[in-house]
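S.K.: Here is what each chain is made of, one letter per residue.
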Amino acid sequence: MKRVAVDIGGTFTDCFVVWGDRSVQRKALTTHHNLALGFNEALDTACQELAVGREALLSEVDSVRYATTLGTNALIERKGPKVGLLVTAGFKSTVPIARGRGYGEGLDPVAQMDIPNADRPDPLVPIPMIRQVRERIDYKGAVVMGLDEDDLRCQVRSLVDAGAEALVVLLTNSVVNPSHELRVREVFLEDYPAHMLGAIPMVLSHQVAGRKGEYVRGMSAIIDAFLHKVMYHGLGSLELNLRNAGYRRPMLVVHNSGGMAQLNSTDALQTVHSGPVSGIAASEHLAAQGLLGNVVATDMGGTSFDIGIVVEGGVKHYDFNPVIERWMVSVPMVHLVTLGAGGGSIASFDRMYDTVRIGPESAGSDPGPACYDRGGLNPTVTDADLMLGYLDPDNYADGHIRLNARRATMAFEDGLCDELDVDPVDAARLVKQTVDANMANGIAAELRARGYDPRDFTMLAYGGNGPLHACGVARNLDIDAILAPPFSSVFSACGAGNMHQMHIHEMSTYLVLFDSVAQAVFSDFRRFNGIVEALEARGREDLLRQGMPESAIEYRLELDMRYGNQRVETAVATELSRLESVSDVLRLMEQFHRSYGQRFGEGSQAPEAGVRINTIRVRASVSLDTVDFSDILPGDARLPPPEAVGERACHFVGVEGALATPIYDEAALRPGTTINGPAVVTTRFTTYLVEPGWQYRAAGQGAVWFLRGERAAA
Amino acid sequence: MTQQTIDIAAESLSDDERALVDDFLRDNTLFLAPDREIMRNHAHGPRSRDEERVLSGEPDPHALNLVRGRLYAALDETYDMVEQMGTAPGAKWGDLVTGIYTARGDLSAISPKGVVVFSGICHYPIKFIAKYWAKDPTVGLSEGDGFIHNDSRYGNIHNTDQSMIMPVFHEGELICWVSSTIHEGENGACEPGGMPAAAESKWDEGLKMSPFRIVEDFQIRRDLLTYLQNSVRDPKLQYEDIKVKLHACVRLIERIRAVIAKYGKDAFVGCLRKNIEDVDAEVRRRIREMPDGTVRVQAFIDGTLRENCLMKWNFSVTVKGEKMILDCRGSCPEFTNRSINTTLASLKTCLATSYLIYIWPDLPHNMAVFSPIEVLTDENSLLDASFDAPNAMSLTPLFKSFSMPIYAMAKFLYSAPKRYTSVYASHFNQPFTFVYGGITQHSEVTGNFCADINGNGGGARFDRDGEHAVSPIFGYMCDTGEQEFNEEELPVLRLVSQHLSKDRMGFGKYRGGLGYEQMITARDSDVWGFMTGGTGSFHPSAYGLFGGYGSPAYPLAKVKDVNVFDVLKSNPRQFRFDMVELMNEQALEGATYGTYHMGMTFEPAAQGEVYMICQGSGGGYGDVLERDPELVMKDVEEELLSPDLARELYFVVFDEATLIVDAAATAAARDAERKARLARGRPYAEFVADWCTAEPPEDLPYYGSWDDPKVIWAGQGETRRQLDADTLAGIMMPNPKDLRIAELEAEIAELKRRQAGA
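Chains as they are written, first to last, in our numbering: chain Y, 1 to 714; chain A, 1 to 758.
Take these hints with a grain of salt, some might be off.
[Stated by the list, open to error] Heads up, incomplete: computed chain A residues facing chain Y, CB under 8 Å, no partners named:
| # | residue |
| --- | --- |
| 1 | Gln-84 |
| 2 | Met-85 |
| 3 | His-499 |
| 4 | Met-519 |
[To be verified] Mimicking DSS-like on lysine-lysine, the simulated pairs with C-alpha atoms at most 30 Å apart in a straight line are:
| # | chain 1 | residue 1 | chain 2 | residue 2 |
| --- | --- | --- | --- | --- |
| 5 | Y | Lys-140 | A | Lys-569 |
| 6 | A | Lys-323 | A | Lys-418 |
| 7 | Y | Lys-82 | A | Lys-320 |
| 8 | Y | Lys-79 | A | Lys-634 |
| 9 | A | Lys-323 | A | Lys-560 |
| 10 | Y | Lys-229 | A | Lys-569 |
| 11 | A | Lys-320 | A | Lys-202 |
| 12 | Y | Lys-82 | Y | Lys-316 |
| 13 | A | Lys-202 | A | Lys-737 |
| 14 | A | Lys-135 | A | Lys-202 |
| 15 | Y | Lys-140 | A | Lys-323 |
| 16 | A | Lys-502 | Y | Lys-82 |
[Unchecked claim] Here are the simulated distance ranges between beta carbons:
| # | chain 1 | residue 1 | chain 2 | residue 2 | range |
| --- | --- | --- | --- | --- | --- |
| 17 | A | Asp-566 | Y | Glu-190 | 29 to 35 Å |
| 18 | Y | Arg-153 | A | Asp-566 | 55 to 61 Å |
| 19 | A | Leu-376 | Y | Gly-657 | 54 to 60 Å |
| 20 | A | Lys-135 | Y | Ala-658 | 53 to 59 Å |
| 21 | Y | His-195 | A | Ala-672 | 54 to 60 Å |
| 22 | A | Lys-135 | Y | Leu-291 | 52 to 58 Å |
| 23 | A | Phe-212 | Y | Glu-575 | 54 to 60 Å |
| 24 | A | Ser-142 | Y | Pro-641 | 54 to 60 Å |
| 25 | Y | Gly-106 | A | Leu-25 | 56 to 62 Å |
| 26 | Y | Glu-190 | A | Glu-603 | 44 to 50 Å |
| 27 | Y | Glu-413 | A | Glu-143 | 37 to 43 Å |
| 28 | Y | Ala-111 | A | Glu-639 | 25 to 31 Å |
No lab work stands behind these hints: they were computed from the structure. Just so you know, these numbers come straight off a predicted model, no measurement behind them. Cβ atoms here follow ideal geometry from the backbone N, Cα and C, with glycine treated the same way.
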């Protein structure tokens, strides 16, 4: 297999190249003015290692896959066209009001509670760019008021005159009857044909999101329209760059649904957060290949800590209304939680509880932690790690940043020591203890809210600070096995390299499986199957359009089910593809019963209140070749530690005083190498901290395990 | 013949006699009414012996912090559970909370999200259970018990909110309590939806559950559940949400056990108690940071939901050292046959919540926030009502209670060396919504309220405008919901879902955030109705700050005797998706147009009849003449402000076509207005002499003190009375329907008389 996968992040462009039986990881700085330059640089260094030219490589690979934060950055920087919005009359303020709570989406809980300081984000569509269309459709799809086309033409004209560069149409209940939205586009194209210079793109909400919820669907369509141009140009120039370099196949773009598709089958919205989602996809792939069972994927970087869940049996965890930047949207996105805990998180004195508080403020990368010596004055997690002896001041970030331990100590003395009445090292130890506990609590809340016990999970730790804090986090969760995966510094790119082509289509329904008032069980199988068939057809068309063979397409049916009028959005993945009989219905309800009980506790089910399906979702996918990671498990072979390259006095949570801690280098990555903590292994890309009580075990393909208890003895 | 009795409270009894009498009374208690000792004390109690043992050893605060983190993660998890599993509209949109209490019942921690007041008040019923039921041989307290509760006289905001309360044991010892609360809505009251404006007595108000055990060994008792389901209009809701709350509590207990397994019981007990003591100490520090002094404010409620009258909410805050006193004396007396009374416990909890949301939003949410603060009231007043007074619509005065500290504390905070949030004009404090009831298009009987309540305008800040429709006065991160989902479940169609209301705002240098109009009509059900149950149609609800305007008053508007769906089919251009245009143009043939006060009690609504309300604006901040003309133009461009008001109120001179400001002309217009103000001004003594009167205007139905807080005025005209604030008695209002009948009978009599004369 020959393949290129790229993750274009805000700072680095990561490249993962599979070339036969070799896999290579490389990084380059992201070149925002022309993304192709950074990509070329990263690819060229990989080519050097493989001793093959760029054109030769690109002409032979089966695919080039991209995950990118381009869309996220464009949203943060508000780089996009002037968007005009057409809404159903009476819904003019739906988007500006953002369900009331929109002021707090994407903020930390303390900011959410501060109502006197509540501010909504700068809008993507300012109020003067919103127009009402005189029409109305009810929840069943019946037309309450016909579309007033004369009025529509006036409203469109007024938005065009106001300088709209893109238009979004958000008509109420369009997902059950899209006729008015479709007619709006026809009328628009009559007046503003697409072939004219300066043609304005129009996005219809029901085509971006298939579920009910006018606000979240509207925001999805708005973000799609806002990002369309920047994503099209950014990714289009990348594809052109590939073509010029000899690549002849379609470029594939990673979606936040965990699948990927060609550029011409990708909505801009689907690319947002595709980088972190690729990391979770990589975790899923590793879990499957290494038979790891349940995995919680954790990515600790400079400013944040991402958590993803991969469970055995293929149950997917999605957010159906994720928050993108500061807006709630409607798109099935792989579940990803971000906590404000990273190396740059600032530690401060908590006067109320007489202890340390971490974040939510972060020093970020500029000025960064105090020890970066770039003007940062606040004590941070990375400063604590340095003071505790874990980091090599001369070889941090592959030698790119020289750390100043004196600065770190001064920041602790000025910011924490007096109030806490402890010396700087003890303060640093408290910081480590607190941030590890915070991350563990975040993981625990995520897993337990879905009915899982953290002890049943293997923790995957990646990102710049992941393997440094992994033992501390896992200790708080009673997890005994941690995998620092291979290619962890380009882990998202690695994930992109192992994805499958996939499309998800969904539709809102009001489908009562069990009517507890009428004591009736659902029997309109034709209606249900008709919806499923229609959704399958849409997925099939997507994949056929991209050259996939029909015989390779697999479908998976998911249903959002609930008891009575609850809000639960539990997706039940069923092996059924059609309902043919009452026993199918009963089977479906039984499956929901089990799934619900696992999540909320046995006995919490309430079928007596009735059972409903709210959304029908079909995942259409084609499985592609993937990289073999079956050597990542710790084998039986145990090799003694290599010769230590040094020794430092390190301080650990729960241990009085300093421990003389051996330092190892890349030699410790030799498969089978076993080191009992305390120890520090510093490689070019990663620092592995082996805390006392933990055992370090190097496995194949660069994988590293941290084990303890019975897992270490096994 | 008269019977001789002895006064058993008389001090002439000997100790032995006293003991005998006490025993006799205890053994022969007819009815366990709310315990005065519990209900009038909002502060946390002293350390228990166990807490003293744990904390006297100077526990490591950092270790306790680890325990705290675990507990908050568990509370967060259970909040999400209830929100996901809950059936009540309130649960779906965030009107819920979970909490953990010490073994003695003091609230230690609640879920970081959620409505603070719910858990903030559950310590009262917990203390009742601990004092009475735990030792009662017919009840007792065991592992797996769950007590349901909703009666605000035993500690609740109003009886639409139902709580599940469970004790937690460790090795046979009671170590804490947990609770889960949801605003359920329907409760079997005389009007659907659980908030009966028409209730004339407590017996009209639906379920009044003093805490009783409905769960044994973690199982819901089916006999009691069936009784409750039979007592309300929505048995499905009652069933589902009891189960939801139970399982949230069970999950919380599991997490507590895990914490104890890891850190030990002492660390857990110590953490619960330290949460309270540390917050208490922090609040005292913050009070000390403020300047000493007293700030007085007054607010008025303009109706009982049945009739229009002016009710005074008297309030002052005094800070001295680390002491803060909130004095509510001199306020309106209670009404014995109106449901708008509140209990003292409810009042205090809402005041505490105001401090948590608007003054110190960074503080953890527990009862210690309010423990250092003293509250003074007149017993039998609207704010401290008696046991017999109905209180299902207690929110009428309670909504105001969230604003009173905002008004008063702004002046303290303005000059305080450290603030914990922005200086803030009042949030709109009379959340409007439609309460509904009837049979849905899915043939289900229901009664509840809409999530529109969650979009009140925010107050202006000292440095910027208020946010539009941002949250209800009592919460944060609450959700106004999605109408497409609402219409799927209810036979209700919103002709106007959310439309920011032009010109209806608190003006100022910085304006308040706007509310939004809603137009609603029934569809696909012939058995349906609405009520509104609000005030503020005559007197503004949110006041301005430092020269800013208050919110305007908001009426209810209706278009009856029409089926608007016919109009939308046959002549759609006749219809206006704007409340003001629809009401002013009156273009729908045969329709009856009317405006009313917002206290509408439940009335049947035919399909296609239109009901309109407008969510309110927050108060403005500062002088309108100081508003940046460009901000005025922005409001005009966004159609939030009419050009006329921009000119007449803000004195901005501009080109209406381009919205370009003529800066020089604007400055001149504003200078001229300042001079005109001076010309209109009068010496203070002259103003006082002319303005102040000895008593309220004779024709004004007025309730509350006028000047002297010890003298309470009640009523109007010849029937007006003066009451002693120390010995207040409830006011009985005539039934408006009786008054109307009397009026009509008088008219009939007059007609008959004329007819006879003719």
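S.K.: Each of the hints needs a verdict: does it hold here or not?
M.R.: These are the hints, each one checked on the structure:
1. Gln-84: 5 Å, holds
2. Met-85: Cβ of Met-85(A) sits 6 Å from chain Y, so the hint holds.
3. His-499: 5 Å, holds
4. Met-519: 7 Å, holds
5. Lys-140(Y) to Lys-569(A): 17 Å, holds
6. Lys-323(A) to Lys-418(A): 18 Å, holds
7. Lys-82(Y) to Lys-320(A): Given pair Lys-82(Y), Lys-320(A) is violated - Cα atoms ~55 Å apart, limit 30 Å.
8. Lys-79(Y) to Lys-634(A): Roughly 22 Å between the alpha carbons, so the hint for Lys-79(Y) and Lys-634(A) holds.
9. Lys-323(A) to Lys-560(A): Status violated; Cα separation ~55 Å.
10. Lys-229(Y) to Lys-569(A): 40 Å, violated
11. Lys-320(A) to Lys-202(A): Distance of about 40 Å is beyond 30 Å: violated.
12. Lys-82(Y) to Lys-316(Y): Distance of about 36 Å is beyond 30 Å: violated.
13. Lys-202(A) to Lys-737(A): The hint holds at about 19 Å.
14. Lys-135(A) to Lys-202(A): OK: Lys-135(A) and Lys-202(A) at ~29 Å, within 30 Å.
15. Lys-140(Y) to Lys-323(A): Not satisfied, since the Cα-Cα distance of roughly 60 Å exceeds 30 Å.
16. Lys-502(A) to Lys-82(Y): Roughly 24 Å separates the two Cα atoms, so the pair holds.
17. Asp-566(A) to Glu-190(Y): 29 to 35 Å: 31 Å, holds
18. Arg-153(Y) to Asp-566(A): 55 to 61 Å: Violated: the Cβ-Cβ distance is about 26 Å, outside 55 to 61 Å.
19. Leu-376(A) to Gly-657(Y): 54 to 60 Å: Given a distance of about 56 Å, which is inside 54 to 60 Å, the answer is holds.
20. Lys-135(A) to Ala-658(Y): 53 to 59 Å: Roughly 56 Å apart at Cβ, these two residues keep to the hinted range, so it holds.
21. His-195(Y) to Ala-672(A): 54 to 60 Å: 57 Å, holds
22. Lys-135(A) to Leu-291(Y): 52 to 58 Å: 57 Å, holds
23. Phe-212(A) to Glu-575(Y): 54 to 60 Å: 46 Å, violated
24. Ser-142(A) to Pro-641(Y): 54 to 60 Å: For Ser-142(A) and Pro-641(Y) the Cβ distance comes to about 56 Å; the hint holds.
25. Gly-106(Y) to Leu-25(A): 56 to 62 Å: 60 Å, holds
26. Glu-190(Y) to Glu-603(A): 44 to 50 Å: 47 Å, holds
27. Glu-413(Y) to Glu-143(A): 37 to 43 Å: 50 Å, violated
28. Ala-111(Y) to Glu-639(A): 25 to 31 Å: Taking Cβ atoms as reference, Ala-111(Y) and Glu-639(A) lie about 30 Å apart, which means the hint holds.
Of the numbered hints given earlier, the model fails hints 7, 9, 10, 11, 12, 15, 18, 23 and 27; all others are met.
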